[in-house]
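Asker: Between the sequences and the hints, there should be enough to build the whole structure, so can you do that?
Protein chains: 2
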Amino acid sequence: MANAHQNNPRKEVTYALVGVIGFLLLVLLIALSGYFRPGGQHVVSNESEDMQDTELGAESASNTDVKPLISVRDEPVETITVEAIESPKKVELGKMLWFDTRLSKSGTLSCNSCHDLAKGGTDNIPTSVGYNWAEGPINSPTVLNSRYSLAQFWDGRAKDLMEQAGGPIENPLEMASSHEFVVEVLNSIPEYKAFFHDAFASEGDINIDQVTSAIALFEDTLVTPNSRFDQWLGGDDEAITAQELNGYQLFKDSGCVACHNGPAVGGGSFQKFGVFEKYTTQNLAEGRYAVTGRDEDKHLFKVPTLRNIDLTYPYFHDGQVDSLADAVNIMGKIQLNREFTSEETADIVAFLKTLTGDQPQITLPKLPPSNENTPKPVPFEKS
Amino acid sequence: MANAHQNNPRKEVTYALVGVIGFLLLVLLIALSGYFRPGGQHVVSNESEDMQDTELGAESASNTDVKPLISVRDEPVETITVEAIESPKKVELGKMLWFDTRLSKSGTLSCNSCHDLAKGGTDNIPTSVGYNWAEGPINSPTVLNSRYSLAQFWDGRAKDLMEQAGGPIENPLEMASSHEFVVEVLNSIPEYKAFFHDAFASEGDINIDQVTSAIALFEDTLVTPNSRFDQWLGGDDEAITAQELNGYQLFKDSGCVACHNGPAVGGGSFQKFGVFEKYTTQNLAEGRYAVTGRDEDKHLFKVPTLRNIDLTYPYFHDGQVDSLADAVNIMGKIQLNREFTSEETADIVAFLKTLTGDQPQITLPKLPPSNENTPKPVPFEKS
Numbered sequence: 001m002a003n004a005h006q007n008n009p010r011k012e013v014t015y016a017l018v019g020v021i022g023f024l025l026l027v028l029l030i031a032l033s034g035y036f037r038p039g040g041q042h043v044v045s046n047e048s049e050d051m052q053d054t055e056l057g058a059e060s061a062s063n064t065d066v067k068p069l070i071s072v073r074d075e076p077v078e079t080i081t082v083e084a085i086e087s088p089k090k091v092e093l094g095k096m097l098w099f100d101t102r103l104s105k106s107g108t109l110s111c112n113s114c115h116d117l118a119k120g121g122t123d124n125i126p127t128s129v130g131y132n133w134a135e136g137p138i139n140s141p142t143v144l145n146s147r148y149s150l151a152q153f154w155d156g157r158a159k160d161l162m163e164q165a166g167g168p169i170e171n172p173l174e175m176a177s178s179h180e181f182v183v184e185v186l187n188s189i190p191e192y193k194a195f196f197h198d199a200f201a202s203e204g205d206i207n208i209d210q211v212t213s214a215i216a217l218f219e220d221t222l223v224t225p226n227s228r229f230d231q232w233l234g235g236d237d238e239a240i241t242a243q244e245l246n247g248y249q250l251f252k253d254s255g256c257v258a259c260h261n262g263p264a265v266g267g268g269s270f271q272k273f274g275v276f277e278k279y280t281t282q283n284l285a286e287g288r289y290a291v292t293g294r295d296e297d298k299h300l301f302k303v304p305t306l307r308n309i310d311l312t313y314p315y316f317h318d319g320q321v322d323s324l325a326d327a328v329n330i331m332g333k334i335q336l337n338r339e340f341t342s343e344e345t346a347d348i349v350a351f352l353k354t355l356t357g358d359q360p361q362i363t364l365p366k367l368p369p370s371n372e373n374t375p376k377p378v379p380f381e382k383s
Numbered sequence: 384m385a386n387a388h389q390n391n392p393r394k395e396v397t398y399a400l401v402g403v404i405g406f407l408l409l410v411l412l413i414a415l416s417g418y419f420r421p422g423g424q425h426v427v428s429n430e431s432e433d434m435q436d437t438e439l440g441a442e443s444a445s446n447t448d449v450k451p452l453i454s455v456r457d458e459p460v461e462t463i464t465v466e467a468i469e470s471p472k473k474v475e476l477g478k479m480l481w482f483d484t485r486l487s488k489s490g491t492l493s494c495n496s497c498h499d500l501a502k503g504g505t506d507n508i509p510t511s512v513g514y515n516w517a518e519g520p521i522n523s524p525t526v527l528n529s530r531y532s533l534a535q536f537w538d539g540r541a542k543d544l545m546e547q548a549g550g551p552i553e554n555p556l557e558m559a560s561s562h563e564f565v566v567e568v569l570n571s572i573p574e575y576k577a578f579f580h581d582a583f584a585s586e587g588d589i590n591i592d593q594v595t596s597a598i599a600l601f602e603d604t605l606v607t608p609n610s611r612f613d614q615w616l617g618g619d620d621e622a623i624t625a626q627e628l629n630g631y632q633l634f635k636d637s638g639c640v641a642c643h644n645g646p647a648v649g650g651g652s653f654q655k656f657g658v659f660e661k662y663t664t665q666n667l668a669e670g671r672y673a674v675t676g677r678d679e680d681k682h683l684f685k686v687p688t689l690r691n692i693d694l695t696y697p698y699f700h701d702g703q704v705d706s707l708a709d710a711v712n713i714m715g716k717i718q719l720n721r722e723f724t725s726e727e728t729a730d731i732v733a734f735l736k737t738l739t740g741d742q743p744q745i746t747l748p749k750l751p752p753s754n755e756n757t758p759k760p761v762p763f764e765k766s
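If you read the protein sequences in the order shown, they are chains A and B.
Counting in the numbering used here, the first sequence runs from 1 upward without gaps.
Counting in the numbering used here, the second sequence runs from 384 upward without gaps.
Just so you know, these hints were derived from the structure itself, not from any lab.
Values in this document were obtained by computation on a predicted structure and should not be read as measured data.
Glycine is no exception: its CB is placed at the ideal position from the N, C-alpha and C atoms.
Heads up, some of the hints might be wrong.
Taking beta-carbon pairs under 8 Å as the criterion, some of the chain A residues facing chain B (in silico) [claimed, not checked]:
#1 D123
#2 V257
#3 D310
#4 L364
#5 N373
#6 K376
#7 P377
Answerer: Next up, the structure:
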């Protein structure tokens, strides 16, 4: 290295060449990394320690105290933006409904039964258990960061979280209740009525739109910022290891990022599952086809978020894959026609594990009791 | 009133008489109220705003900051004593286990499924739903204030909360797992192992005694102080209404308090259910007899706590009574041979509703994920 300071024309030319090539490579890299980026704009992200606390008492009024964090890296995977909660009373009400098993026929199942906020917003089994131990047809996706999805359910049949929230209540394989029963239950409970009147500045009976709207607004708050990867995106080079960074480069270079991008690292499009090879499964779900009826939509599924993927096993719409390494290998093979070496797989898995963010801090609600006017749950159907 | 200051001998005699009679009545009242009192000593009760928060982070170390509150009324119903948490790490671990559905065979049921802390520590259905939608044999009693019970379960077959905690895990009609399976699951998860090692100052594998001990210590914290009745016990005359006070007097005078006394207003003895009249039920439970095999123990049940009774419907060991008024009337008739007037019933019900205390403030735990070494749950048994 000491020789570099000596006057040697051949070496000078070499250095100049290396410099030019390096510059060109840098331009190429920036262009490539911008290629898959959906928006293109810099992401302005806000975070606040208190934001995740959905116990919305007096202190929650100060939700405007959000500290902006500018993402210094321009990447296809974007930092999660935590927004100030606009309707804390509706969110608090939504949290009560989220945990209230009276939304189900049996009186034993709540939203949280299948989207357990102690477990990454999932139930960690292939398909869920519903009324009378019914076996659900598809894996329950995580509720965390679901606000970033272009639509809800694996087949996108609900346009937003509010529309989604009404579904499981009436699904005979899930909560097996009806919207009529649910509003009758809620309207019979004076405390609930007062909460709804207060939150919605309304009078009279509670309606199902208010119920699903409150649940959706609560779900809107269930985001997981501040993962190690977000810290890295924010400029902290030490936040992830060399292996994890390598995994991220592979994730981009192999093309995973073409579908898994944006703040949720997924959720932004429907894609055919099984591009280069058919995905073998007993699961009968036909994906987007069930909604559109168009042949080309067969086995198109909403791209799942990869945020908190370490918590949201088992994987895929059929929940048939337990290991993240297996999931990565299958995706490489059937979606990208690529066989990862075991080292490559390990690197990608290491990167994926950096996507576990701060889990929402949830204080259990205190649900108001039923009374003699409240329709009773039917846990067991007597023949 | 101005006349009182005039010199009038007849009035002086009247005042003296009223004074003497008043004094005698006071003595009588004190004697009567002391009659049913089990202990006799003044109750020293501590309470602290933070005590009920079982999120045991750094701040929980300061649990010694408990303010003593001396009960100024000498009553058979005692104020709840909130004690400083001695083992915050074990309690936090117990809370994780309490909410961890991996303690069940299906991976979907946790302690909280049947003892829901959002609903007064119960499931509010007659008998619970277990593995494969099995119907439980008996009503799930509230976990709240269960630490005050002389034994656990309706028939008292577990001597304490630790012994109780092991039961539902293995009961095929409940979580349907095994202690072996549970410790295998927990031992496969490095985070759990580290938490156990830290909390129990232990090394090596987690064992089932540590599991049930942690759960029991968490349950120990689930007390509900500061009900309006406790405020009244503490000397606040305005805390309960004249009707509620009347209900309490009736509750004592009719003899309810003979069994429903102490800090939990129950839980202190086994009593025959159906003294003057047989209690008619389809429920096959034989109570204490199942434990002792002695004929005289047939249909003896542990006296349930009346704390938070407004939240813990439906009532009795068979969960067949939904209305508190009905429950009071039945108890009057079959236990005390007394027919309450509707006004008396209303007064007693009003009193009972003053027993709803501060519910535990529970922050959902963040459960560490399973991994490839973790035995998988079996939600559906394939034939």
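Asker: Give a verdict on every hint.
Answerer: Hints and how they fare:
With its C-beta approaching chain B no nearer than about 6 Å, A:D123 sits inside the 8 Å limit, and its interface hint holds. Interface hint status for A:V257: violated, as the beta-carbon distance to the closest one in chain B is roughly 24 Å, over 8 Å. Contact between A:D310 and chain B, as hinted, is supported at the beta carbon level, the nearest pair being about 6 Å apart and thus within 8 Å. Of the supplied interface hints, the one on A:L364 holds, with its beta-carbon coming within about 4 Å of a beta-carbon of chain B, less than 8 Å.
A hinted interface residue such as A:N373 counts as satisfied when its beta carbon comes closer than 8 Å to some beta carbon of chain B; here the least separation is about 11 Å, so the hint is violated. Because the smallest distance between the Cβ of A:K376 and any Cβ of chain B comes to about 7 Å, under 8 Å, the interface hint for this residue holds. Proximity of A:P377 to chain B holds as hinted, the smallest CB-CB distance being about 6 Å (cut-off 8 Å).
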